[in-house]
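Sequences listed follow chains A and Y, in order. Here this note's numbering is used: the first residue of the first sequence is 1, the next is one more, and so on. Here this note's numbering is used: the first residue of the second sequence is 1, the next is one more, and so on.
It should be emphasised that the hints constitute simulated quantities derived from the structure, not laboratory data. All clues stand as given, with none of them false.
Which stretches of chain A does chain Y cover? Using the computed rule of at least three CB atoms under 8 angstroms from a CB of chain Y, they are:
id : stretch
1  : 46 to 58
2  : 79 to 91
3  : 98 to 105
Listing some non-contacts, in silico: residues in chain A with all C-beta distances to chain Y over 10 angstroms:
id : residue
4  : Lys41
5  : Gln115
6  : Gly139
7  : Leu177
8  : Ser181
9  : Arg182
10 : Ser193
11 : Thr209
12 : Asn212
13 : Gln213
Chain Y regions said to be covered by chain A (calculated; three or more residues, Cβ under 8 angstroms):
id : stretch
14 : 174 to 184
15 : 238 to 252
Heads up, the beta-carbon is just placed ideally off N, CA and C, and yes, glycines get one too.
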Amino acid sequence: MDQFALLRSMLQFDTVQKHYGNFLALDIPSLTVADGVYWLKGENGSGKTSFLKMIGGLHPFTGDISLSGASIKKNRVSFLQKVNYAEAEPLYPSFLSGKYLVKLYCQTKKTDEKQSLELLEQLHIADAYTKPLGTYSSGMLKKLSLVLAFTGNPKWILLDEPLITIDTSAVPVISSLINSSRSQKGISFIITSHQPFQDNTLQLTGTMTAANQTISLLYE
Amino acid sequence: MNRTVINILQRVLVNHFYKVNAGFFLFFFFVLFGVVNGSQLISYHFSLIQGMIQSYVFLACVIFAWLLYTLKCINYITKQLSEPGQQFLFVLNTAPRSKRLIWMLFVHMMVYMPVFLYAVIVAVIAAKQHYFGSMTAVIISNGFMILLSTGLYMRYLQKRVTGINFTLSAFQFSKPFFSIPLWFLWKERKQMLLVTKTFSLLLLYGFINLYEPDSPDIRPLLLIMMLIATAHCAIILQLRSFEEERLLFTKNLPVPLLKRFAWLLLMYALLLLPELVFMWKGFPLHFQLKDLPQVWLLVISILAFFHSILLMKDMDSEHYFRIAFIICATLFFILLYDPGIFLPLLLLLIAYALYRSHLYDFEKKIGLSSE
Numbered sequence: 001m002d003q004f005a006l007l008r009s010m011l012q013f014d015t016v017q018k019h020y021g022n023f024l025a026l027d028i029p030s031l032t033v034a035d036g037v038y039w040l041k042g043e044n045g046s047g048k049t050s051f052l053k054m055i056g057g058l059h060p061f062t063g064d065i066s067l068s069g070a071s072i073k074k075n076r077v078s079f080l081q082k083v084n085y086a087e088a089e090p091l092y093p094s095f096l097s098g099k100y101l102v103k104l105y106c107q108t109k110k111t112d113e114k115q116s117l118e119l120l121e122q123l124h125i126a127d128a129y130t131k132p133l134g135t136y137s138s139g140m141l142k143k144l145s146l147v148l149a150f151t152g153n154p155k156w157i158l159l160d161e162p163l164i165t166i167d168t169s170a171v172p173v174i175s176s177l178i179n180s181s182r183s184q185k186g187i188s189f190i191i192t193s194h195q196p197f198q199d200n201t202l203q204l205t206g207t208m209t210a211a212n213q214t215i216s217l218l219y220e
Numbered sequence: 001m002n003r004t005v006i007n008i009l010q011r012v013l014v015n016h017f018y019k020v021n022a023g024f025f026l027f028f029f030f031v032l033f034g035v036v037n038g039s040q041l042i043s044y045h046f047s048l049i050q051g052m053i054q055s056y057v058f059l060a061c062v063i064f065a066w067l068l069y070t071l072k073c074i075n076y077i078t079k080q081l082s083e084p085g086q087q088f089l090f091v092l093n094t095a096p097r098s099k100r101l102i103w104m105l106f107v108h109m110m111v112y113m114p115v116f117l118y119a120v121i122v123a124v125i126a127a128k129q130h131y132f133g134s135m136t137a138v139i140i141s142n143g144f145m146i147l148l149s150t151g152l153y154m155r156y157l158q159k160r161v162t163g164i165n166f167t168l169s170a171f172q173f174s175k176p177f178f179s180i181p182l183w184f185l186w187k188e189r190k191q192m193l194l195v196t197k198t199f200s201l202l203l204l205y206g207f208i209n210l211y212e213p214d215s216p217d218i219r220p221l222l223l224i225m226m227l228i229a230t231a232h233c234a235i236i237l238q239l240r241s242f243e244e245e246r247l248l249f250t251k252n253l254p255v256p257l258l259k260r261f262a263w264l265l266l267m268y269a270l271l272l273l274p275e276l277v278f279m280w281k282g283f284p285l286h287f288q289l290k291d292l293p294q295v296w297l298l299v300i301s302i303l304a305f306f307h308s309i310l311l312m313k314d315m316d317s318e319h320y321f322r323i324a325f326i327i328c329a330t331l332f333f334i335l336l337y338d339p340g341i342f343l344p345l346l347l348l349l350i351a352y353a354l355y356r357s358h359l360y361d362f363e364k365k366i367g368l369s370s371e
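Make a model of the complete structure from these sequences and hints.
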């Protein structure tokens, strides 16, 4: 039996619709996504971010999304224990420190800070840990949001444009982090990115495409 | 060029100021002109002005209130000038200094107009009644505040200063999560917080000192506390906007709904702490110990109710202030019948029902209508 069989989890979408006013932005009648690493592609405005935000609990929608049978609408807390999300352009209160956010995430995701601190070191932002976020550059904020996305014991991590604004030296760190999280912990990923990862270092399970107001899935 | 610049400044700075502060002006308009009978309005304000020019203590309080309004104007204009969308205004630096001075004076006078007009009336009455000391104080204080503001805008336009920052770095201690929105008020909406708290504490102070009940009756205090809660509605709008913009990430955190609502109540209890503590000055004349849960719960539940209303879809500030005003008027009549603890409990229940219904899935309504 696969050692990660117990960790495996499928995301299921049931008649999911996302509207902005009267405009139907996304319509997903039925979609099942098995665990793995997925690259979500699509043009600007095709609904990639909306799709991730719906799964991450940030955007309201009609229909339902469930993970291993747990619905985001009926078992929201349990669902969000397993799904972490990093925004493309994270916004935080400027007067809080990185340390405050890490502690907040660790408390709510029921984990200790050790792993987050190691990641902050790897991404070279540990020195700014106690400083107010208002002093962070956009790249540092982006790195912090990635660290927060890896906090806890998620089954799925949703990364919206993880490579924008960060320096080139951090890209291999993030690639290797994604690969190791997948191979060692069985964490699944949905990643949107207009920039390809260097040397195709990611071991992709499939590609998702956001187009024509829906999401389609193609396995590798 | 002059006319074009004036038009642009009017549109991007002045008009927007009155638009975003519509609730603030509506509230003060109601307090200054809506609380007295129309036929007594002039004599009421005349008596008020008489009080100002005859008592230096009263006049000092009024000038302090004008100063708070000036700080509000300064805070708004400097914030607007720092907005990325208004960076084009820095092109004004190419004009001669005298022109820039006139433009910035125009901007300030337009946003300061409500206070300026009232101050002119006060000064004229003081002069006519030979209270030259009061007249001089009004003219000098207003002149000073106008020149100070204009000078600050000039310096800001030239980027000699990076912002009007009143940060008190001494207050660096651990912040419980529910208090984060209050820290936002403290750090970024200081003037609004100061004006609201000054008003509500003055209202409470005036009530406790001037009103002496013949027999124990909790209703007058409940009415005052309800007015105080309603005076916070502009602050609640700012808090909601902050939540949507900077705390959106917290929706991804696995926090139970009930706990989020409890945080909300704790946050508003903390926000109202000055009033809830100051209220003790009225013990035991204005309330008994047994009344405390009712009074505290009432103000907290009104704030939670307003907050939950703002979660509803398409709730813009105009609708919100209108609804807040209607709720205030309705509560006024209900409180006259002393509904006891049931009113705050009912408000709390409705607030929670709205919160539960609209925090995550307000889009269900669109879904139903589109089907």
